[in-house]
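In the order they appear, the protein sequences are chains U and Z. Here the first sequence is numbered in the numbering used here, starting from 1 and rising by one per residue. Here the second sequence is numbered in the numbering used here, starting from 1 and rising by one per residue.
Treat the hints as calculated values from the structure; they're not laboratory data. Quick caveat, the model's predicted, so the values are computed rather than measured. Note that beta-carbon positions come from the ideal geometry of N, C-alpha and C, so glycine has one too. Misleading hints may appear alongside valid ones.
[Claimed, not checked] Computed cross-link-like contacts, PhoX-like style, restricted to lysine-lysine with a CA-CA straight-line distance of at most 25 Å:
| hint | chain 1 | residue 1 | chain 2 | residue 2 |
| --- | --- | --- | --- | --- |
| 1 | Z | 68 | Z | 50 |
| 2 | Z | 306 | U | 6 |
| 3 | Z | 150 | Z | 68 |
| 4 | U | 3 | Z | 188 |
| 5 | Z | 363 | U | 320 |
| 6 | Z | 190 | Z | 150 |
| 7 | Z | 40 | Z | 172 |
| 8 | Z | 29 | Z | 331 |
| 9 | Z | 245 | Z | 190 |
| 10 | U | 346 | U | 320 |
| 11 | U | 6 | U | 130 |
| 12 | Z | 306 | U | 3 |
| 13 | Z | 154 | Z | 81 |
| 14 | Z | 363 | Z | 245 |
| 15 | U | 6 | Z | 81 |
[As the list claims (entries may be wrong)] Negatives, chain Z to chain U, calculated, CB over 10 Å:
| hint | residue |
| --- | --- |
| 16 | 47 |
| 17 | 297 |
| 18 | 324 |
| 19 | 331 |
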Amino acid sequence: MAKLVKTEEENMLADMARGFLDGAAPVSKLRQMRDDGVTHDPALWKEMAEMGWAGVLVPEDAGGSDMGFAAANVIAEEMGKTLAVSPFISTAVIAATALRQVSGARAREALGRIASGEATYALAVDEGIKFDPDATQMEAKADGNGFRLNGRKQFVVDGALADRLLVLARTEDGLTLFDIPSDRAGVERTKSNMIDARDSARIEFTDVEATGDDVLGQVDQAMTVLKPAIEAGQAALAAELTGLAAGAFDMTVGYLKERKQFGVEIGRFQALQHRAAHLWCETEVTASAILHAGRKLDEDPENAGLAVSLAKARATATAKLAVIEGVQMHGGIGMTDAYDMGFYMKRARVGAEWLGDYSYHAERVAAARGF
Amino acid sequence: MSDASLDGFRAELRAWLEENCPQEMRDGKMTEDGICWGGKNWVFTSDAQKVWLERCAAKGYTVPTWPKEYGGAGLTRDQEKVFYEEMGRINARSPLQSFGIWMLGPALLHFGSHEQKLQYLPPIARGEIRWCQGYSEPGAGSDLANVQTKGEDKGDHWLVNGQKIWTSYADKADWIFALVRTDREAPKHKGISFLLCDMEQPGVETRPIKMISGISPFCETFFTDAVIPKDQIVGEENKGWDVAKYLLTHEREMISGGAGGLTGTGRALGAVLSETMEEMDATLRADAMRCEIDTLSIGLTLERYKDQAEAGQGAGDASAMLKYMGTELNKQRHELMMSAGGSDALEWDGPLGNRAGDWLRTKANSIEGGTSEVMLSIVSRRVLGLPG
């Protein structure tokens, strides 16, 4: 396997991403969008697409930059540091990976529209309060040459902004993945007012018509297409959470160096030094799991499940620790809305739930490790 | 290295192992009664253990990455990975373990003269000389640079007087590498020399210390007018602290490796716990899963640091992180194993062998080689740049 060290290209990509995001999508941008009640900035996404980010997993001959999963993780990690708002994971990672599993002109064109930034996607899987694709109840009943979809989905991340929805539904002998426009008749989207100020929706499907052409992959075999897409999304989300932890951590260490109490910088107090040092140790260990997941997805995607779950579990736990410690070490100011730490805390909580929480991934690790 | 030549190396190695590793040595036993420590007084526990050591030493496989001229096999990092994968595949025991391999060897390779390397490294690689580490003293624990054992300059040698403590296996070792104060006037970090001392002389005595685990792996070591010739110094006079720190980095990485990893031979915790508990209760299971996630991730971090070192970015002070995380995790792991063992784990040499002794032994992991708190202070000052 490739080394667990970032390559020169990956370092360059990270530097470039950081430079762009510091200017175009700092935390103050999220704050502004929240204050304005906006969850999507099409102009920003267009710029990201122009840099090749929207097409990071789209083949070059379909108009993408095809940089691979590790590169997608690098971008997601940088986005996490500044809490940049974009449909990157839903569209450029999950939807692009799903579409890549499918041959044919339609999928190819769809990939091209992703790469150019024209099309945005959301993955509609969750029906209960936890991520559990196998428990999908939503029905897609055969009807003539097509299907009729009835049911409801919740926590559809980027579901209010997306042009298209990837919808998981139960068919006669299994699960099937549909790729439909979000404005199709019978689709009723209700935007959720999320704690992280990001886009998400609850969606009702009432007699929504779908044709055979709307099926992504084979009927009753959604997982062939969806499993790699979900794993790619989980890895990218883990990378984002790792970046988030790093962002919160940097802010905290910076504060320890400048805030004075009892006449000295609070960073002189061993009680705080050791907590900060422990937090750094956790972020270092998590960084390894993220790097490994990216390598595994690029080189041995069939067997990346353990690596991905390890990354998502670790990243979830580390981000949680980083924001809890961040608020505590900032003291009262960390609790104020005027200060950015709260944004990190709220995004960490949403990221913890999305695509499987700590327990979900711990169970997957356990299954792979003889429990 | 190309994949093809690496495949060739693997095939060759696999054939060699098949032919040369005795069946008795394929039980992966790494507990105290399975380890071969070597040395002048070593009594092999079986013929197979002796044969296995000799065959590996002849190939340089006791210290696979050391240069051939010093008793190693000169393997690259990629070959080393293959080496341990193949050893793990047949569950082979490590042929030899020693402080010479883990600690002194790397320090000599870095700071020693060519003559010193030729003199000291091959006997380590062949398991002929067993070394111990003379660092801590009664008044120099976490404050290690406070060593008081003194070396008086007598022209062609130093006359050494003082006491060391926690010298692991000093009673079984042939030689000791020790931190000795050779300049009492200089600031504490600047008057220390790193000396090599033959313990087979009247001025060196050892006394084992009985530990909570019931065994005595640690000793007190006393120097009374011990003689150390001037050519037995590593690095420059009064610059032994640099050698000591370098060596500690290796020691820390070694101790942290106890947690195992994805590619290592560390066994899955789930399998270990299931041996004694058919169905784990929910709390134990949750704790064990968390421990397993962290173990695998720390294993990956060890890999990452090795890859970084190969790319020329040494871990440096970050090795304190590996030591801290690895040892704390190892303690947790053994707590879980005790829990899963229930009352069977409470007997010395009971149904689960030495499980209790192993559990108690791990409590030293976060003390020896620098306590967890010292590690956190290193990270805080040197990595995070917090004011000291």
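So, going through the hints one by one against the coordinates:
1. Z/68 with Z/50: holds, 21 Å
2. Z/306 with U/6: Measuring from Cα to Cα gives roughly 13 Å; hence the hint holds.
3. Z/150 with Z/68: It is violated: about 36 Å lies between the C-alpha atoms, which goes past 25 Å.
4. U/3 with Z/188: Measuring from Cα to Cα gives roughly 41 Å; hence the hint is violated.
5. Z/363 with U/320: Violated. Residue 363 of chain Z to residue 320 of chain U sits at ~28 Å, over the 25 Å cutoff.
6. Z/190 with Z/150: holds, 13 Å
7. Z/40 with Z/172: Within the cut-off at roughly 9 Å; holds.
8. Z/29 with Z/331: holds, 20 Å
9. Z/245 with Z/190: The hint holds at about 13 Å.
10. U/346 with U/320: holds, 10 Å
11. U/6 with U/130: violated, 34 Å
12. Z/306 with U/3: Holds - the C-alpha atoms of residue 3 of chain U and residue 306 of chain Z are around 9 Å apart, at most 25 Å.
13. Z/154 with Z/81: violated, 47 Å
14. Z/363 with Z/245: Holds, because 23 Å separates the two Cα atoms, which is no more than 25 Å.
15. U/6 with Z/81: holds, 19 Å
16. 47: Since the minimum Cβ distance to chain U is about 34 Å, residue 47 of chain Z lies beyond 10 Å and the statement holds.
17. 297: violated, 5 Å
18. 324: violated, 6 Å
19. 331: Non-interface label on residue 331 of chain Z holds, nearest chain U Cβ at 15 Å vs cutoff 10 Å.
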